[in-house]
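> One-letter residues, chain by chain:
Number of protein chains: 2
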Amino acid sequence: MNHASSVNTMVAKIKDQKKTETGALKYLGERINEANTLAIDRILSVEPVFIDVDTALNVIPGMTHDTILHAGPPIEWERMCDPMKRAVRGALVFEGLAENDEAAIQLLKRKKVKLSPNHHHDAAGAMTGIISPSMPVIVTKDSTFGKTVFSTFNEGAGKVLWFGSFEKETLDRLKWIRDIFGPVMKKVIKKAQGIPIWSILAQGIQMGDECHNRHAASSNLFLKRILEPLVSIDLSKRVLLQVYNFIAGNSHFFLNITMAACKLSMDAARGIRESTVVTAMSRNGTDFGIRISGLGNEWCTAPAPYLKDALYNPGYNFNDGAPDIGDSSIIETMGLGGFAIAAAPAMASFAGGGFQESIRITKEMGRITLVKNQKFGIPVLDFEGTPTGIDLRKVVEIGISPSINSAVLHKSSGAGQIGAGIVKAPYECFSKALKAFGRKYT
Amino acid sequence: MNHASSVNTMVAKIKDQKKTETGALKYLGERINEANTLAIDRILSVEPVFIDVDTALNVIPGMTHDTILHAGPPIEWERMCDPMKRAVRGALVFEGLAENDEAAIQLLKRKKVKLSPNHHHDAAGAMTGIISPSMPVIVTKDSTFGKTVFSTFNEGAGKVLWFGSFEKETLDRLKWIRDIFGPVMKKVIKKAQGIPIWSILAQGIQMGDECHNRHAASSNLFLKRILEPLVSIDLSKRVLLQVYNFIAGNSHFFLNITMAACKLSMDAARGIRESTVVTAMSRNGTDFGIRISGLGNEWCTAPAPYLKDALYNPGYNFNDGAPDIGDSSIIETMGLGGFAIAAAPAMASFAGGGFQESIRITKEMGRITLVKNQKFGIPVLDFEGTPTGIDLRKVVEIGISPSINSAVLHKSSGAGQIGAGIVKAPYECFSKALKAFGRKYT
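Here the protein sequences come in this chain order: A and B. Per the numbering used here, the first sequence starts with residue 1, numbered consecutively. Per the numbering used here, the second sequence starts with residue 443, numbered consecutively.
Possibly wrong hints are sitting among the right ones.
Below, simulated DMTMM-like cross-link-like pairs (lysine to aspartate or glutamate); rule was C-alpha separation at most 20 Å, straight line [to be verified]:
hint : chain 1 : residue 1 : chain 2 : residue 2
1    : B       : K556      : B       : D543
2    : A       : K363      : B       : D751
3    : B       : K617      : B       : D543
4    : A       : K224      : B       : E670
5    : A       : K237      : B       : E806
6    : A       : K109      : A       : D122
7    : B       : K877      : B       : D824
8    : A       : K190      : A       : E228
9    : A       : K168      : A       : D82
10   : B       : K679      : A       : D382
11   : B       : K666      : A       : D41
12   : B       : K554      : B       : E537
13   : A       : K237      : B       : D676
14   : B       : K553      : B       : D494
15   : B       : K553      : B       : E537
16   : A       : K372      : A       : D41
17   : B       : K610      : B       : E537
18   : B       : K617      : B       : E541
19   : B       : K882      : B       : D676
20   : B       : K805      : A       : D382
21   : B       : K877      : B       : E740
22   : B       : K551      : B       : D564
23   : A       : K147      : A       : D54
24   : B       : K679      : A       : E228
What follows is a set of in silico ranges between Cβ atoms, one per label pair, in the way DEER data are often shown [said to hold, decoys possible]:
hint : chain 1 : residue 1 : chain 2 : residue 2 : range
25   : A       : G249      : B       : G588      : 49 to 55 Å
26   : A       : D172      : B       : H562      : 57 to 63 Å
27   : A       : G399      : B       : L753      : 41 to 47 Å
28   : B       : S678      : A       : V239      : 55 to 61 Å
29   : A       : G315      : B       : E806      : 41 to 47 Å
In silico contact screen, one side only, chain B against chain A (beta carbon under 8 Å); selected entries [stated by the list, open to error]:
hint : residue
30   : Q648
31   : G650
32   : V673
33   : L683
34   : P756
35   : G794
36   : F797
37   : V813
38   : K817
To be clear, the hints were calculated from the coordinates, so they are not data collected in a lab. Just so you know, even glycine gets a beta-carbon here, dropped at the ideal spot from N, CA and C.
Build the full structure now, drawing on both the sequences and the hints.
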């Protein structure tokens, strides 16, 4: 069966038209199906465990004293959006690599700082997603295949680096996380002998979390899980309560742990020959990039979209928002977040049309995915699993883009988060990816 | 307008027929409507706060050294069901009033023990609902009208008195609750300066609790709320962890606090002249009783029903179950539990027909109630409030009985809980109540 040459002929003949692109791929159909079955098997086999806390420089592959990791596909300093630029500057000051903001800007202009995407270093970060060398990081490990993935601790709301705002308060909090919180959590996680992540998310899905913009239940469940080790280690009551209240006061605390777990799962499916499964969706605030299993580490990018229909905080509107940003869409790549919005009625206001619209979105995501993940049963759908494993072919053929539950940062003022809502991954990423796939396999 | 004599004529003429009873009541219609509006206003105005922990003997009105309080309407020893008898005997041994089980039985046969319903002492208890003099009790207070209601701490699952089983393990746990847990919780609640109850339940409803058989989220939220005071008081780590783990290990912990809060609300509507609002539903395992606002403290009873369609633990079936038992149906009287089952998809298996059946039940309960309680927005119904304030007239006229989420105790072996499911309040209670209402007001 000479699929390849048939496809080649087709692709050559009808290059840019969506319908025929898909048609071409159908010749490869059976082999793609087999590859995708393997990809899905691997995705569903991953068992992520929060196993340790360590300093980024010690554990993240390729991290150096002068490296700053960021969200999304690769991007140079000049093209970064304002909130990401601010977060990079803040990180340089936090690291002592620059004495102040002005000095940080000079370092960056003179290209004295290595900027690199989290995704190239087994890491994931929310919103601006900055990881700098001295930050303590969550270490998650897949007990099935053995891979490790890293993320920072979530800083909470307000003047925080992940929202691209930095002030004295921001740096003070980062120092406390580095000097107090991180070392305590290292002891806690060691004492707990690791914390399996899916079981917390599976309970969260039963309690109204979609596990991206709503982590209220899973953050509480995590807190409950670590209390005994937290109390058991040798701490003053003051520090114990600081640590406890920091987590208890942040309903997004578990977000970064979820991201790392989802990346572990999706990375397990990376680089499978002829698989059309989407293994990453990520945004740097300028570009939106996706990765396809069969295309390995290649990014297929398009301009990052704006959140037109988001709910904005009072005093802000669509015109104030930066484009979509963050590695957190790895959660949707794994079938949670926007794909699981029917599990989170409290997120219905995001969907604009009430709860029935949330159900419609989850059902629609079922049309572009390959499997229902029975680990995460959506209660109101009679425990039907979350729609998982985006198939590039289906996105292009049906013309439905993945739906992502996201947040909006201010485009220029450093105000941080100004809204939240749903964004659709750009169709252009998928049509580009399909062409690249066609080129590679035909 | 001589409503009374018209009604009298009607009632005299057509006594026992449901349709005409209701017809008769319609003459009283406007005055009943006014009375019910007041009842609902009072129910929705109550703001229950968990304010203290104290010993039953110190605080429960009418409690004496030789009194044992029980669930349901009044009942003499001989007519009690087996699990309630066992719980009473266990309480006598726990109190030291009897040296052993045999001595307890003799005391009871010789009527040396005062048995009285919780509801006659501003108290509520789950399942057998036993409260004995030395037990520490939750003290809840309505900050609107000032009334106080009491309940015990929930013992958890297994060999526990509230399930009518007692062994050394049961008594040891009760002693620990009395000597260690209760005093610690007294300090915690004092330090917390009281804990408002509705706000925890309102969050619980958003996180999959129906607040009767599922309290997983609200128990976690309570635990999170008390952690800071718990750590702040002077305790050894050992005791701190014992107390924490006792609550963390029991997803029904908040149940007894919910019962007390619901009783505060319903008691606020008790004794309003001409009101047909149901102010209590309660079962002692032999009789099912209801109270109607306009009938004051009168109980209208019928035989307690069996749970035919319950889910039974392996090895047990319908033939092993005792009739329905417990004061916890005060929760349904307040529009939570079975009335709010659409908020708890995890309870769908109770409903037998999946999640759509849960929605149907909540909608049906809307037909026999007077108001939607906006404090508790049911997420999947686009935050429609829980159906609250059962109208005796509607139950009789439409012929739909209240739906209660309940559990089943073994009828004879002392095995404790053997199943859980939905039970319907007996229609007979309501038809009797309507007749009594007719007699009183015509």
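> Next, verify each hint and record whether it holds.
Checked hints:
1. K556(B) with D543(B): holds, 17 Å
2. K363(A) with D751(B): It is violated: about 32 Å lies between the C-alpha atoms, which goes past 20 Å.
3. K617(B) with D543(B): Holds: K617(B) and D543(B) sit about 17 Å apart, inside 20 Å.
4. K224(A) with E670(B): Distance ~13 Å between K224(A) and E670(B) Cα, so the pair holds.
5. K237(A) with E806(B): Distance ~51 Å between K237(A) and E806(B) Cα, so the pair is violated.
6. K109(A) with D122(A): Violated. K109(A) to D122(A) sits at ~27 Å, over the 20 Å cutoff.
7. K877(B) with D824(B): This hinted pair is violated, its Cα atoms lying about 38 Å apart.
8. K190(A) with E228(A): Roughly 12 Å between the alpha carbons, so the hint for K190(A) and E228(A) holds.
9. K168(A) with D82(A): Between K168(A) and D82(A) the Cα gap is close to 19 Å, so the pair holds against 20 Å.
10. K679(B) with D382(A): violated, 43 Å
11. K666(B) with D41(A): Violated - the C-alpha atoms of D41(A) and K666(B) are around 38 Å apart, more than 20 Å.
12. K554(B) with E537(B): holds, 14 Å
13. K237(A) with D676(B): Given pair K237(A), D676(B) holds - Cα atoms ~10 Å apart, limit 20 Å.
14. K553(B) with D494(B): Given that 20 Å is the threshold and the Cα spacing comes to 33 Å, the pair is violated.
15. K553(B) with E537(B): Status holds; Cα separation ~17 Å.
16. K372(A) with D41(A): holds, 12 Å
17. K610(B) with E537(B): holds, 14 Å
18. K617(B) with E541(B): holds, 16 Å
19. K882(B) with D676(B): Cα-Cα ~57 Å, so violated.
20. K805(B) with D382(A): holds, 18 Å
21. K877(B) with E740(B): Judged against 20 Å, a Cα distance of about 13 Å means the pair holds.
22. K551(B) with D564(B): Outside the cut-off at roughly 27 Å; violated.
23. K147(A) with D54(A): It holds: about 16 Å lies between the C-alpha atoms, which stays within 20 Å.
24. K679(B) with E228(A): The given pair, whose Cα atoms are some 10 Å apart, holds under the 20 Å limit.
25. G249(A) with G588(B): 49 to 55 Å: violated, 33 Å
26. D172(A) with H562(B): 57 to 63 Å: holds, 58 Å
27. G399(A) with L753(B): 41 to 47 Å: Check passed, 44 Å falls within 41 to 47 Å.
28. S678(B) with V239(A): 55 to 61 Å: About 18 Å separates the Cβ atoms of S678(B) and V239(A), which means 55 to 61 Å is violated.
29. G315(A) with E806(B): 41 to 47 Å: Check passed, 44 Å falls within 41 to 47 Å.
30. Q648: holds, 6 Å
31. G650: holds, 5 Å
32. V673: Status holds, d = 6 Å.
33. L683: Holds: closest Cβ of chain A sits about 6 Å from L683(B), inside 8 Å.
34. P756: Not OK, violated: P756(B) not within 8 Å of chain A, min 21 Å.
35. G794: violated, 12 Å
36. F797: holds, 5 Å
37. V813: Result: violated, 22 Å to nearest chain A Cβ.
38. K817: violated, 16 Å
Of the numbered hints listed earlier, those contradicted by the structure are 2, 5, 6, 7, 10, 11, 14, 19, 22, 25, 28, 34, 35, 37, 38.
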